Structures are given as C-alpha cells and as structure tokens.
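A.B. asks: So you can see what is in the structure, the chains are spelled out below.
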Amino acid sequence: MKTWFFTEDAYPNLPDDETYESVRVNLPNKHFDPVLGADLYNMYLDMWGAADEMGLEIMLNEHHQTATCVLPAAPIALGVLARETKKARLLILGNPIVNRKQPIRVAEEMAYIDVLSRGRLDCGFVRGVPYEIAPANAYPYRGSEKLWEAHDLIMKAWTHHDGPFNFEGRWFHARQVNIWPRPYQQPHPPVWVTMGSAGSAAQVAQRKHIGAVFLAGYPGIRRLFDGYREGFLQAHGEEAPLDRLAYAAIVCVGENEKEAENGTEKLLWYIRSNKVAPQFNNPPGYHPPAVSANIIRGPRPGEPDRRDPRLETQKARGNVFSGTPDQVFQQIKNFWEYSGGFGHLLMMGQAGFMTYDETLKSMKLFTEEVYPRLKELTASYDAGVMKEIRSSRPDVESVDTGLLASEFVR
Amino acid sequence: MDLSVVRKGSGPQILVLHGGDGPVDRFPFADRLAEKFEIIQPVHPGFAGTPIPEHFDNLQDLIFLYLDLIDHLNLSDAILMGFSMGGWAAAEIAAINTQRFSKLFLVDSVGIKVGGPFDRDIADVFATSAAELTGLSWHDPSKAPDPNSMTDEELQVFASDRIAHGLYTWEPYMHNPKLPYRLHRIDIPTLLIWGAGDGVVTPTYGEAFRDMIPGAKMVVIPDAAHSPHVEQPEAFAKAFLEFASK
Numbered sequence: 001m002k003t004w005f006f007t008e009d010a011y012p013n014l015p016d017d018e019t020y021e022s023v024r025v026n027l028p029n030k031h032f033d034p035v036l037g038a039d040l041y042n043m044y045l046d047m048w049g050a051a052d053e054m055g056l057e058i059m060l061n062e063h064h065q066t067a068t069c070v071l072p073a074a075p076i077a078l079g080v081l082a083r084e085t086k087k088a089r090l091l092i093l094g095n096p097i098v099n100r101k102q103p104i105r106v107a108e109e110m111a112y113i114d115v116l117s118r119g120r121l122d123c124g125f126v127r128g129v130p131y132e133i134a135p136a137n138a139y140p141y142r143g144s145e146k147l148w149e150a151h152d153l154i155m156k157a158w159t160h161h162d163g164p165f166n167f168e169g170r171w172f173h174a175r176q177v178n179i180w181p182r183p184y185q186q187p188h189p190p191v192w193v194t195m196g197s198a199g200s201a202a203q204v205a206q207r208k209h210i211g212a213v214f215l216a217g218y219p220g221i222r223r224l225f226d227g228y229r230e231g232f233l234q235a236h237g238e239e240a241p242l243d244r245l246a247y248a249a250i251v252c253v254g255e256n257e258k259e260a261e262n263g264t265e266k267l268l269w270y271i272r273s274n275k276v277a278p279q280f281n282n283p284p285g286y287h288p289p290a291v292s293a294n295i296i297r298g299p300r301p302g303e304p305d306r307r308d309p310r311l312e313t314q315k316a317r318g319n320v321f322s323g324t325p326d327q328v329f330q331q332i333k334n335f336w337e338y339s340g341g342f343g344h345l346l347m348m349g350q351a352g353f354m355t356y357d358e359t360l361k362s363m364k365l366f367t368e369e370v371y372p373r374l375k376e377l378t379a380s381y382d383a384g385v386m387k388e389i390r391s392s393r394p395d396v397e398s399v400d401t402g403l404l405a406s407e408f409v410r
Numbered sequence: 411m412d413l414s415v416v417r418k419g420s421g422p423q424i425l426v427l428h429g430g431d432g433p434v435d436r437f438p439f440a441d442r443l444a445e446k447f448e449i450i451q452p453v454h455p456g457f458a459g460t461p462i463p464e465h466f467d468n469l470q471d472l473i474f475l476y477l478d479l480i481d482h483l484n485l486s487d488a489i490l491m492g493f494s495m496g497g498w499a500a501a502e503i504a505a506i507n508t509q510r511f512s513k514l515f516l517v518d519s520v521g522i523k524v525g526g527p528f529d530r531d532i533a534d535v536f537a538t539s540a541a542e543l544t545g546l547s548w549h550d551p552s553k554a555p556d557p558n559s560m561t562d563e564e565l566q567v568f569a570s571d572r573i574a575h576g577l578y579t580w581e582p583y584m585h586n587p588k589l590p591y592r593l594h595r596i597d598i599p600t601l602l603i604w605g606a607g608d609g610v611v612t613p614t615y616g617e618a619f620r621d622m623i624p625g626a627k628m629v630v631i632p633d634a635a636h637s638p639h640v641e642q643p644e645a646f647a648k649a650f651l652e653f654a655s656k
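So the protein sequences, as listed, match chains R and G.
Positions 1 to 410 (the numbering used here) are the ones given, in order, by the first sequence.
Positions 411 to 656 (the numbering used here) are the ones given, in order, by the second sequence.
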C-alpha cells in the first residue's frame with residue numbers, strides 16, 4: 001500500500017466561530033495575518049519535505065476563499081516540491097477542472113511539474129466541493145460532464161505530439177492545441193479522479209484511472225469501491241487491480257493511546273472548523289434535487305449526524321485511524337478488508353494546530369511501525385480470498401475500535 | 411419537445427412568463443386577471459417538476475422556445491407580461507419582435523446591468539442566506555415560501571426550481587450585456603410594475619430599465635417587495651387593468 005502524506009495547509013488562527021457565518025467563501029481575509037501565513041506555508045512545505053525523506057509519498061490539494069485550506073493554487077506548491085524533494089511521488093488531488101476555465105493551462109502546468117520532477121507527478125482531477133462554486137463563479141449543473149470534457153481535452157493535449165489539434169466541445173474551446181512541454185512520463189502521468197457516487201466511480205473505472213474516496217467511512221466505502229470494481233469489470237473484462245483505488249482518512253499514530261488521542265483531537269479541527277453557511281453548501285445545480293432538498297430541510301429527528309466530530313465516532317466510522325502503531329494497523333486492516341481492498345492510503349497527517357514536531361513524530365511512527373505491515377498486507381492480496389473475507393462481513397455503519405485492538409493483542 | 415402550459419380564464423390573451431420562484435397562476439391576482447383575460451403561462455422547463463432539456467444552457471434557449479410557442483399559438487394583439495427572470499425573457503422577446511403583442515408588462519424584472527463592474531445591481535440570490543433573501547424579497551416575511559412547511563415532494567420541486575433558476579441566470583448574472591442596446595426596438599406601450607421595497611432589484615434599477623424602453627411608464631406599489639403581485643394583489647391588478655385598458 002502506498003501512503004501519501006497530506007495536510008490541507010490550514011490557517012487555524014480563527015476568531016471565535018460565533019462571530020462569523022461561514023469559514024468558507026465569505027470570512028473576511030483581514031483575519032489572515034501574512035506574517036503568520038509565511039511561517040505556516042514554510043512549515044507545511046517542510047512537512048512535505050520530511051515525508052519525502054521518510055519514504056512517504058506526497059499529496060496536495062487546493063481550496064479557495066477558506067481558512068481551512070489556504071493553498072489556492074496547488075500547482076505552485078507542487079512546483080516548489082518538485083525541486084525540493086527527491087524520491088516522493090507528487091500527487092495533486094486535485095485540479096478543479098470543472099471550475100477552472102482553461103483546461104489547456106492545467107495540461108501545461110502539470111506537464112511542467114512532471115518534467116521538472118523527472119516524472120514524479122500523479123495528476124488528480126476533481127469536481128470540487130460545493131463551497132468552491134461561489135469562489136469560482138461556476139454554475140455546477142452538469143459538473144460531471146464538464147469534468148470529463150476538460151479531462152478529454154487535457155489527455156489529448158498530453159498525448160498528441162504532432163502539432164496543433166482542434167477542440168470545440170460544449171464547454172471548452174481551443175482550436176490550436178499544441179502544448180510545450182509535453183509530460184515526462186509516457187504516455188502520460190497517472191491520473192486520479194475523486195468519486196462521490198457509484199455512478200461516478202464507474203466512469204473513473206472505465207478510463208482505468210485511480211479512483212479516490214475521501215472520508216466515506218464504513219457507511220459509504222463499499223458502495224463507492226464496488227461501483228468502481230463493477231465498472232472496471234464491465235469495461236475491461238478483468239478485476240480492478242488494487243492500485244486503482246485510494247482511501248483518504250485522518251491518521252495519527254502515538255507512542256501510546258494518550259499521545260495519539262491528543263494528536264487526533266488536534267487533527268479533528270479539520271472537521272470541527274468546517275462551519276459552512278447553507279447557501280454555500282447547496283448551490284443550485286451542484287446536488288441532485290433530492291439531495292438539495294434534504295440539505296434545505298436539515299437533519300430529521302433521530303438521523304445520525306455524519307459530521308459528528310467526536311473522536312470515538314469518527315474512529316468507529318472509519319474516517320479516523322488513531323492509536324498506537326498496533327491499533328492503527330489493525331484499524332486500517334479492518335477497514336481495508338471491509339472495503340474489499342485498496343492500494344493507496346491518503347493520510348491526512350496534519351491539521352489545525354498540530355505542530356511540526358507532533359506531526360513528524362506521528363509520521364515517523366507510522367512509517368517505521370505501521371507502513372511495513374501495510375505493504376505486507378497489500379502484497380498478500382488475493383482477489384479470491386478477499387471476496388471470501390468480504391462476503392463474511394455484513395454491511396455496518398461503524399465498528400467497535402476498542403474490540404479491534406483487543407482482537408489484535410489476542 | 412414537451413412544454414407544460416397553464417391556461418386560465420377567457421378574453422384577450424396574456425402570455426405570462428413567471429420568475430425564479432416558479433409559476434404564478436395559483437395566486438389571487440391571477441384569479442382577478444382571469445376574470446377578463448385568458449392567462450397563458452408556459453412553465454419554464456426545469457420548473458414545477460418538469461425536466462431541463464438536454465440542450466438547454468441559458469435564457470436564450472427559453473427565449474427561442476417561446477418564439478416558437480408564440481407562433482404556434484398564433485398570438486395576436488396579446489399582452490406580454492413577465493416577472494423577475496420572466497420579465498427579462500419578455501424584454502428580450504419584445505426587443506426581437508413585437509408584432510404579435512399589444513402591450514408589455516415587466517414586474518420587478520432583471521435583465522440589464524446598470525452600474526459598473528463593482529456594483530451589485532442584482533442581489534446574489536444564490537449566495538445569500540435564506541433569512542437575508544427573505545428580507546430582500548418580501549415586505550411581509552410571512553409571505554415567503556417556507557421550506558419547513560413543505561411536503562417532501564414540494565421541497566424537491568423547490569430544489570429543482572432553484573436548479574433551473576440557476577441555469578437560466580448564472581453568468582452573466584441575471585442580465586444580458588447586449589440587452590440595453592436592443593431595448594430601443596420595443597415599440598409597444600410598456601408598463602413596469604415594481605414593489606417599493608424590492609431589495610433584489612430596487613425601484614431605482616427599475617427606473618433605469620424604464621428609461622431604456624421608449625415611452626415606458628412605471629408604477630411603484632407600496633408595502634410590497636420583489637413580488638407585488640403576491641403581496642398586494644388588488645393594487646397590482648388595478649395597475650395592470652388600468653394600463654391594459656388604455
């Protein structure tokens with residue numbers, strides 16, 4: 001299993017959340033102190049540099065108009081890391097190509113990073129979360145169609161080497177496409193796409209790209225990964241390889257449970273601070289009508305709150321892997337088996353006020369004591385055996401992580 | 411393609427183009443008008459549970475659909491009336507050709523930009539909280555649609571209406587930069603009806619709109635905001651009937 005370290009580059013020094021409507025879109029940037037920002041940006045780049053030295057891969061993402069992620073142009077940070085790192089693969093997950101108006105520019109930026117890093121780019125494309133709509137001024141209806149149109153244009157820009165070609169699609173137009181440079185990796189860098197539904201997963205599978213899922217946990221992971229696997233089998237007549245699927249979770253490893261708990265509480269800033277005004281969470285056309293209607297209505301009485309930020313809840317749901325190395329391994333293994341397997345772990349290893357030293361300590365424990373076992377786990381993968389394990393385990397909303405750890409000890 | 415058209419009353423015909431809140435035929439003002447006129451109200455595709463056609467991208471698709479509808483119905487000497495976004499569509503249609511129409515009514519209409527790039531001429535209804543939007547849109551907030559009192563089905567229609575509203579108006583937002591250069595072609599008597607307290611498009615915006623249409627008049631209705639036809643049906647019907655009978 002490849003593990004990719006990422007931090008969202010948060011600006012955590014926020015005013016009391018009672019004083020603002022939304023951390024996304026409309027929180028005035030007077031609250032951003034550029035001097036502190038400079039320290040934070042350098043610290044985050046140092047963390048990625050440390051990941052490279054430890055043997056972890058690197059992942060970056062971008063958001064706009066939000067303190068939860070003050071990296072509004074991930075390709076720029078990726079350009080820095082292409083020079084400063086030596087071995088790590090460099091994953092951007094991803095380029096918001098539905099909202100960006102120039103796919104060709106994305107193709108050029110990515111080709112540059114791939115060449116500069118001598119072929120270490122992994123290139124993700126995302127539709128983006130709903131609160132990205134207002135900053136981008138992009139009408140989100142038919143977002144999936146726009147994503148694939150931009151994708152098709154970028155893929156051809158990367159792989160066509162005989163002079164200009166023409167593209168006149170529904171949303172994007174470019175009549176003389178002939179990018180310089182072309183990518184270092186041939187025919188093109190590995191492509192990742194995030195998946196939010198079984199249908200979107202099948203579309204990723206049809207193209208043999210890597211499908212990534214963020215924090216879907218036990219309640220959502222099977223639907224998404226199964227959607228991918230079924231789509232892959234139908235399109236290609238063979239089982240999807242393990243390395244086509246990725247899962248992103250919050251990960252914290254401590255020398256003891258207390259230390260891990262302290263670190264994880266800091267990481268949960270990511271969930272706790274995501275105060276989003278409803279108008280930015282539900283722009284017209286982003287969600288299907290039924291989903292949009294549910295957001296307008298709000299949770300029904302007795303309905304579980306999936307954003308419940310308590311550590312135990314998030315652990316039980318499979319969104320957080322936290323504890324001693326043994327516990328974390330067992331939590332990941334359990335989720336991995338439940339999900340049917342995946343080849344990439346996207347490790348949110350820093351968030352909020354978690355310090356450089358705390359982050360590196362957790363990364364180091366992960367790398368030395370958890371990572372080798374995860375690599376063994378995936379090396380032992382057998383599709384037939386996995387099917388048996390999976391079918392023996394019923395669908396669940398959550399698991400008892402305490403029980404997991406004790407089982408492992410036994 | 412299928413188009414849902416509501417017809418109500420009998421008499422001289424009014425082609426009614428509803429706004430982003432959806433069809434208006436259920437409101438009491440429509441009953442008043444239907445005593446003397448026939449209301450013909452197409453339901454904009456995407457509203458009231460109807461599907462958005464695959465090729466539809468923006469308001470121009472609606473305008474050309476209605477040019478076909480107008481020919482199909484063989485309208486003659488009809489009144490054209492539009493509300494908010496429907497007023498924008500009505501102004502566009504009238505700027506293309508007024509031959510089948512006798513009068514034009516624009517009610518709290520969007521469709522033009524009157525200020526500079528940094529001026530927000532039209533409230534950003536898609537990025538405004540529900541509470542604030544109610545304040546901008548309604549003189550009496552209790553008249554505003556209340557999602558909490560809707561059935562699941564009604565709420566889903568409400569959500570679908572928002573999607574269609576966004577489709578027709580997203581960018582350039584609620585206006586066509588070319589429209590001010592075309593409004594001079596409108597050569598039929600035109601009345602703008604405006605709610606005095608409209609915070610989505612203010613009466614000042616309405617005045618600028620009026621001044622772009624040759625000879626257009628404007629009536630401002632007190633104690634009303636973006637939907638004077640809902641908040642003050644009697645005053646609205648009176649303004650309409652007076653101008654229609656001229």
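Keep in mind that the hints were calculated from the coordinates and are not lab data.
Computed from a predicted structure; not experimentally measured.
Think of the CB as a built atom: it goes at the ideal place given N, C-alpha and C, for glycine as much as any other residue.
Keep in mind that a hint or two might mislead.
Partner residues aside, some chain G positions facing chain R, computed with beta carbon under 10 Å [as the list claims (entries may be wrong)]: (1) F437; (2) D441; (3) A540; (4) M560; (5) I573.
A.B. asks: All hints, please: hold or fail.
C.D. replies: Taking the hints in turn, this is what the structure says about them:
Given hint, F437(G) at the interface with chain R, is violated; its Cβ is 22 Å from that chain's nearest Cβ, farther than 10 Å. Of the supplied interface hints, the one on D441(G) is violated, with its beta-carbon coming no nearer than about 29 Å to a beta-carbon of chain R, more than 10 Å. The criterion of a C-beta within 10 Å of any C-beta in chain R is met by A540(G), whose closest approach is roughly 7 Å, and the hint holds. For M560(G), the shortest C-beta to C-beta distance to chain R is roughly 8 Å, which falls under 10 Å, so the interface hint holds.
Hint on I573(G) holds. Least Cβ distance to chain R is approximately 5 Å, under the 10 Å limit.
Going through the hint list in order, the structure does not satisfy hints 1 and 2.
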